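Asker: What follows is the residue order along each chain.
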Amino acid sequence: MTNLEKYDKLFLEAFRLQPEELPGLKYRGIQAWDSVGHMDLMSAMEETFGISISTPDLLDFSSYEKGKEILAKYGVEV
Amino acid sequence: MAQLLVWTEPLSGSNCYLMGEEGGCLVVDPNDPRGPLSLLEERGWTPELILLTHEHCDHMAGLDALRARWPQAKTIATAACSANLGSTRLNMSAMMEVYLTFHGKPGVSYPPFACRGADITYEQTYTTHWRGHSVRCVPLPGHTPGSAGIFLDEAALFSGDYLLAEETVLRLPGGSPEDYERVTRPFLAALPRGLAVWPGHGEGYTLT
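Residue numbers (this note's numbering), protein chains in the order written: chain X, 1 to 78; chain R, 1 to 208.
One should not assume that every hint holds.
Unchecked claim - Just the calculated beta-carbon pair ranges, DEER-fashion: (1) R:Gly104 <-> X:Gly29: 20 to 26 Å; (2) X:Asp60 <-> R:Thr128: 29 to 35 Å; (3) R:Arg69 <-> X:Gly24: 49 to 55 Å.
For the record, the hints were derived by calculation from the structure and aren't laboratory data. Treat the numbers as computed from the prediction; the structure is a model and nothing was measured. Every residue, glycine too, gets a C-beta built ideally from N, C-alpha and C.
Kindly produce the complete structure, drawing on both the sequences and the hints.
Answerer: Below you can see the structure in the form of structure tokens.
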């Protein structure tokens, strides 16, 4: 599984979305991506990619696209 | 005569319950490394049993401090809770700074931490006695895999993160709406009127 596939799977499973709903997806853009959903997603992100994301980056992870930029800082190219 | 004290941790608002009797103490959810320990020292109480309602850090951040000070105290938790104490993901300490920021407390340093497991674990209902009081621990998964309800003399329930004023959170890591619906919701719905509830957050109350 590629990093992109892993990345997408995390969103799809956490928020029960279809793949076509991922582009443009933003924090609080859907009901499931609220503060609780965010913590669950971020925990899964760290575990899946074996990284520890700093608190400022966890809070800056505000969209599907922004998340890719943040993961790149940790050496994870999506 | 037993006396019940409550220490509320200021960051998360979680409750630690300290029940003292003749110098001994039963502790539920040691939520902070300093507050409960100070209360115990002031009262001259020695913790004998430490019970955990679940594995989240805001309910056990003081566990290791109590163990260090009173190594003879026995910690009791569900097997899942015991296992998850060692995971910064499942004990939520890795996300605590984010949680606090979302709850209006940005900039607080809360380094992730892990604890070793409990001394006594259970997967089915576990009953013990402490100074003549019955203590019945019932696994109640949903909020976390390791959640439990702890009954004292069948008259009071330490409910952890169930029966709060707010809706039960089932979406944090390890949470399971399916387990909650299958096991825990029916159990909580069948609790008797008149039961005293001591929740993990907020004031105690009586079921009506």
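Asker: Next step is simple, just say for each hint if it's right about the structure.
Answerer: Right, here's what the structure says about each hint:
1. R:Gly104 <-> X:Gly29: 20 to 26 Å: holds, 22 Å
2. X:Asp60 <-> R:Thr128: 29 to 35 Å: Taking Cβ atoms as reference, Asp60 (chain X) and Thr128 (chain R) lie about 47 Å apart, which means the hint is violated.
3. R:Arg69 <-> X:Gly24: 49 to 55 Å: The hint (49 to 55 Å, Cβ to Cβ) holds, given that Arg69 (chain R) and Gly24 (chain X) are roughly 53 Å apart.
Checked against the numbered hints listed earlier, the structure breaks hint 2 alone; every other hint is satisfied.
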